[in-house]
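Top line first, the protein sequences correspond to chains A and B.
If you use my numbering, the first sequence closes out at 354, no skipped numbers anywhere.
If you use my numbering, the second sequence closes out at 354, no skipped numbers anywhere.
Don't take every hint at face value.
[Claimed, not checked] Pair by pair, the computed Cβ-Cβ distance ranges are:
no., chain 1, residue 1, chain 2, residue 2, range
1, A, L100, B, T104, 51 to 61 Å
2, A, T232, B, Y354, 48 to 58 Å
3, A, L301, B, K91, 55 to 65 Å
4, B, T279, A, Q79, 52 to 62 Å
5, A, K40, B, L301, 46 to 56 Å
6, B, P116, A, Q262, 42 to 52 Å
7, A, E223, B, P116, 54 to 64 Å
8, B, T267, A, Q82, 51 to 61 Å
9, B, D230, A, E182, 35 to 45 Å
10, A, G162, B, L301, 13 to 23 Å
11, A, N292, B, L301, 37 to 47 Å
12, A, G54, B, D71, 38 to 48 Å
13, B, Q262, A, S127, 20 to 30 Å
14, B, K278, A, L224, 22 to 32 Å
What the hints contain is simulated information worked out from the structure, not anything from laboratory work.
Beta carbons: idealized from backbone N, C-alpha and C, even for Gly.
There are 2 protein chains.
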Amino acid sequence: MEQKVCLIGKGTVGSSLLKLLIEKRKEIKDKFGIAYKFVAIFEFDGALIDEEGLDIEQIDQMGVNFRNSKSWKLGIKILDHITQLDLDIIVETTPTNPETGEPALSTIVGALSNNINVVASNKGPFYLQYQKIKDLAQENGCQVRYEGTVASCVPILSMREALVGNTITGIRAILNGTCNYILSRMSAEGVQFDVALKEAQELGYAEADPTLDIEGYDAAGKLVILANELLGWSKTIKDVQIKGITNITAHSIDLAKTEGYVIKHLAITENDKLVVEPRLVEINNPLNISGTLNVIELQTKHAGPIILMGRGAGGFEAASAVLNDMINISLNY
Amino acid sequence: MEQKVCLIGKGTVGSSLLKLLIEKRKEIKDKFGIAYKFVAIFEFDGALIDEEGLDIEQIDQMGVNFRNSKSWKLGIKILDHITQLDLDIIVETTPTNPETGEPALSTIVGALSNNINVVASNKGPFYLQYQKIKDLAQENGCQVRYEGTVASCVPILSMREALVGNTITGIRAILNGTCNYILSRMSAEGVQFDVALKEAQELGYAEADPTLDIEGYDAAGKLVILANELLGWSKTIKDVQIKGITNITAHSIDLAKTEGYVIKHLAITENDKLVVEPRLVEINNPLNISGTLNVIELQTKHAGPIILMGRGAGGFEAASAVLNDMINISLNY
Numbered sequence: 022m023e024q025k026v027c028l029i030g031k032g033t034v035g036s037s038l039l040k041l042l043i044e045k046r047k048e049i050k051d052k053f054g055i056a057y058k059f060v061a062i063f064e065f066d067g068a069l070i071d072e073e074g075l076d077i078e079q080i081d082q083m084g085v086n087f088r089n090s091k092s093w094k095l096g097i098k099i100l101d102h103i104t105q106l107d108l109d110i111i112v113e114t115t116p117t118n119p120e121t122g123e124p125a126l127s128t129i130v131g132a133l134s135n136n137i138n139v140v141a142s143n144k145g146p147f148y149l150q151y152q153k154i155k156d157l158a159q160e161n162g163c164q165v166r167y168e169g170t171v172a173s174c175v176p177i178l179s180m181r182e183a184l185v186g187n188t189i190t191g192i193r194a195i196l197n198g199t200c201n202y203i204l205s206r207m208s209a210e211g212v213q214f215d216v217a218l219k220e221a222q223e224l225g226y227a228e229a230d231p232t233l234d235i236e237g238y239d240a241a242g243k244l245v246i247l248a249n250e251l252l253g254w255s256k257t258i259k260d261v262q263i264k265g266i267t268n269i270t271a272h273s274i275d276l277a278k279t280e281g282y283v284i285k286h287l288a289i290t291e292n293d294k295l296v297v298e299p300r301l302v303e304i305n306n307p308l309n310i311s312g313t314l315n316v317i318e319l320q321t322k323h324a325g326p327i328i329l330m331g332r333g334a335g336g337f338e339a340a341s342a343v344l345n346d347m348i349n350i351s352l353n354y
Numbered sequence: 022m023e024q025k026v027c028l029i030g031k032g033t034v035g036s037s038l039l040k041l042l043i044e045k046r047k048e049i050k051d052k053f054g055i056a057y058k059f060v061a062i063f064e065f066d067g068a069l070i071d072e073e074g075l076d077i078e079q080i081d082q083m084g085v086n087f088r089n090s091k092s093w094k095l096g097i098k099i100l101d102h103i104t105q106l107d108l109d110i111i112v113e114t115t116p117t118n119p120e121t122g123e124p125a126l127s128t129i130v131g132a133l134s135n136n137i138n139v140v141a142s143n144k145g146p147f148y149l150q151y152q153k154i155k156d157l158a159q160e161n162g163c164q165v166r167y168e169g170t171v172a173s174c175v176p177i178l179s180m181r182e183a184l185v186g187n188t189i190t191g192i193r194a195i196l197n198g199t200c201n202y203i204l205s206r207m208s209a210e211g212v213q214f215d216v217a218l219k220e221a222q223e224l225g226y227a228e229a230d231p232t233l234d235i236e237g238y239d240a241a242g243k244l245v246i247l248a249n250e251l252l253g254w255s256k257t258i259k260d261v262q263i264k265g266i267t268n269i270t271a272h273s274i275d276l277a278k279t280e281g282y283v284i285k286h287l288a289i290t291e292n293d294k295l296v297v298e299p300r301l302v303e304i305n306n307p308l309n310i311s312g313t314l315n316v317i318e319l320q321t322k323h324a325g326p327i328i329l330m331g332r333g334a335g336g337f338e339a340a341s342a343v344l345n346d347m348i349n350i351s352l353n354y
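Just need the whole structure built from these sequences, with the hints factored in.
Put into structure tokens, the structure is as follows:
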């Protein structure tokens, strides 16, 4: 089975996906009988286009100079070409715009409206317009998958199917590696918040403008997607009660420690509420992970807590989640 | 869609499954359009049989006195009735016989040979004759699922599909709650092995004859299933290098602790080998869980370690895994 794919965004995730596919192409063909043909790769200022299939090895080797390829067409936009490319899957990997979800939101809506399946690693559209996207997919008989939007490679969204014989009743999670790194360092070294933040920035764990991470907005967006997907809710990020970690002091962390607790930035469901804020966690609780890891504890009705953890960020981590979604879409075609 | 089911074994798991189905029957009908009709429940000495469907509420209420039901037929055997019951699914929940896998192995082989799908919580057949069972299922176009055989409710076997875009390269796990409880108590309280074992027996975490647990045979069987399922191997329990925990002393645990380690009974893959033995684990490693929990760390090629944990035993825990498998079989019918 050949599947025609259009990739939107050739940043860290998009470029990692190309590398991953070059490596796993033969395995995917042998195991599942699927061949992915990339007919277009869009960036903000144009696209690589070849209806016969782009040479992704060559594009990978060109790295950031891919605009020198003879397939490059300056200034063209996906929504003007979406019908004529005869696509099976659009893969959306652009960076998140937390206010509008654009341009990813319009691309996803455009794809589904034209009966094209969607894989996304961009979470914005899903915490802003979850219900609209799901409804549109259903109306058009399309699949939309977005495992990479929450905790990257950790297959937490697949738990809906994997726990279908159980009942998930609540969520407690650490979904932002930057905050967890900062709190872990403050706890281990006794340093103040701004020192730990600066260290995180130097190591590349925090952005130059870390607001979305340290104020809790990033974690809140992921919590919305988790709750909608696993608990059947229909919330947006506006429904989340959000507190960041900027007011945490080395002193408060010390006080917690003397009582056997750590301070963690948790994303939780409480009754029918979504809350992101610093909370005390017992030192020997599985949620007390350190570094940039993500962890999600699902409370279940019939089997207590079920916990997943792993790396919450990284190009190949997200790309492996995207590829997973692509294969699952193709197998359900 | 109506699915005719035969349950083998009305012990803890079988009885919990009936209770779970009574509770979730309406939800399963509404959500998936599936109605499970139990036409037979076999025990070692006979069966409850009604081709029109047994009244499972009544049977549940009778508890251990189910043999008083007018549907009870003394002395009949599943293999003599397997063809005339017109079954869609056989659910195997008998206790594990570690040497022969019987009677579960013959029941499973009989079911698949007669084109009946199988769900099992009994791991014996799978660590003794994995390849034979898988081949038979494929030859007959049947589904066989056994999520409950490893770590109970933790959906670790579903990771094969959920991580299809990644590559699982190795496994490190704690798969026996009894051993982990004993080692946790020795570590926390400084008591010797036999004191901790006695405590585990009093609390119901260890059997009167704890040999299979403390000598590592139980964990080894589960490791075989994990490796075959997630790494594509084709091993049996004879291929596992097994050491138990009976020689661990409070002194050795103390020595480890002074260097920042704990002693854990790990089930691991090393190159192409399967090993179950006590190993040192760093105190802040996610594998350092306490109590009767199970934990599985999957090493992956593209996204580092992905870790799942949860309760590894219990009637409802296993029953929820069984129900999960039943629903997935019905949805793929």
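Hint by hint, here is what the structure shows:
1. A:L100 - B:T104: 51 to 61 Å: For T104 (chain B) against L100 (chain A), whose Cβ atoms are near 59 Å apart, the range 51 to 61 Å holds.
2. A:T232 - B:Y354: 48 to 58 Å: Given range 48 to 58 Å: holds, Cβ gap about 50 Å.
3. A:L301 - B:K91: 55 to 65 Å: holds (57 Å)
4. B:T279 - A:Q79: 52 to 62 Å: holds (57 Å)
5. A:K40 - B:L301: 46 to 56 Å: violated (36 Å)
6. B:P116 - A:Q262: 42 to 52 Å: About 49 Å separates the Cβ atoms of P116 (chain B) and Q262 (chain A), which means 42 to 52 Å holds.
7. A:E223 - B:P116: 54 to 64 Å: Roughly 57 Å apart at Cβ, these two residues keep to the hinted range, so it holds.
8. B:T267 - A:Q82: 51 to 61 Å: holds (57 Å)
9. B:D230 - A:E182: 35 to 45 Å: Holds - the Cβ-Cβ distance for D230 (chain B) and E182 (chain A), about 38 Å, lies within 35 to 45 Å.
10. A:G162 - B:L301: 13 to 23 Å: Violated, at about 54 Å.
11. A:N292 - B:L301: 37 to 47 Å: Given about 43 Å between the Cβ atoms, the range holds.
12. A:G54 - B:D71: 38 to 48 Å: holds (44 Å)
13. B:Q262 - A:S127: 20 to 30 Å: violated (57 Å)
14. B:K278 - A:L224: 22 to 32 Å: holds (31 Å)
Hint violations for this structure: numbers 5, 10, 13, all remaining hints satisfied.
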